[in-house]
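Chemist: Note that our numbering has the sequence shown beginning at 1, numbered continuously upward.
Treat the hints as calculated values from the structure; they're not laboratory data.
In this text, a Cβ means the ideal position worked out from N, Cα and C, and glycines have one as well.
Careful: at least some of the hints might be erroneous.
[Unchecked claim] Cβ pair distances, simulated, as ranges:
hint, residue 1, residue 2, range
1, Val203, Arg120, 55 to 61 angstroms
2, Arg132, Pro63, 23 to 29 angstroms
3, Gly190, Ala81, 44 to 50 angstroms
4, Ser148, Leu215, 19 to 25 angstroms
5, Leu108, Lys194, 43 to 49 angstroms
6, Ala214, Gly190, 35 to 41 angstroms
7, Ala207, Ala142, 47 to 53 angstroms
8, Ala210, Arg99, 35 to 41 angstroms
9, Lys194, Ala55, 22 to 28 angstroms
10, Ala81, Tyr117, 18 to 24 angstroms
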Amino acid sequence: MAEAHISLPRAAAEGLRVACPDTLAGLVAEVAGILADPAVAEEEIARALARGLFAVAGRVRLPWLAAEARLPFGPGQGDAALPADLQHGPTDAFLLPGRCRVRVLPDLATLRRSVRYGARGRIRVAAAGAGRLFVRPVPVTAVEVVLSYHRLPDTLVAPSDRPACLPPHLAGPLLVSFACRECFERLEEGAGGKKIQTTAYGVRFDAALAELLALCRPSVFQDEPVDLPVVGESSYAFGEDWP
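Given these sequences and hints, build the entire structure.
Modeler: What follows is the structure, given as structure tokens:
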């Protein structure tokens, strides 16, 4: 019995066979198939996908990117460098030892109004600015501030890399539509102002982004964070001086 053989272009066949849809290789292959233009290199598509990932993470506080960092403060130290991978936040903070809550203020102006300059004691409030976390009062002993924030996503570099910070059912629609919009915008330059494909994939990206926003939006909002109880006696425990 004769066997039937199907001949496929090697690069495309390998990409579709070994890559899951949510790997970088699979996403590049999907975008390349949509563009159907050999003038667009795979490297250009990969860069567009990476920009899409950072654009999405910049628009939405993804719970999969929630992180914590410990910032040490020495006696008399009023500020410390924020984590290098911080994108959103800080969202919450507490003091060690004692696990006392540190109130995160929206800006440095509010911080300056809250506690007088030069005050020393237990850290009560903090605010971010110029890549640093400023605290008041400044501590009199060495302490640590544990900071909660949302970090930058991992860059897509290797063919097997996955956008793990995105829900599986939205990773493809978000990144593919973003990359297609960017690539078609260049390809449709000079088309008499009619960027049909650019507009179409822009609409798809906005729809997927709206779905992601609805998914990540908390169902219950809490205006004030809850203070963590302190076990045992501690000089850092909440007292009558808590503002």
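Chemist: So which of the earlier hints does this model not fit?
Modeler: Hints that this structure does not satisfy do not exist here, as all of them hold.
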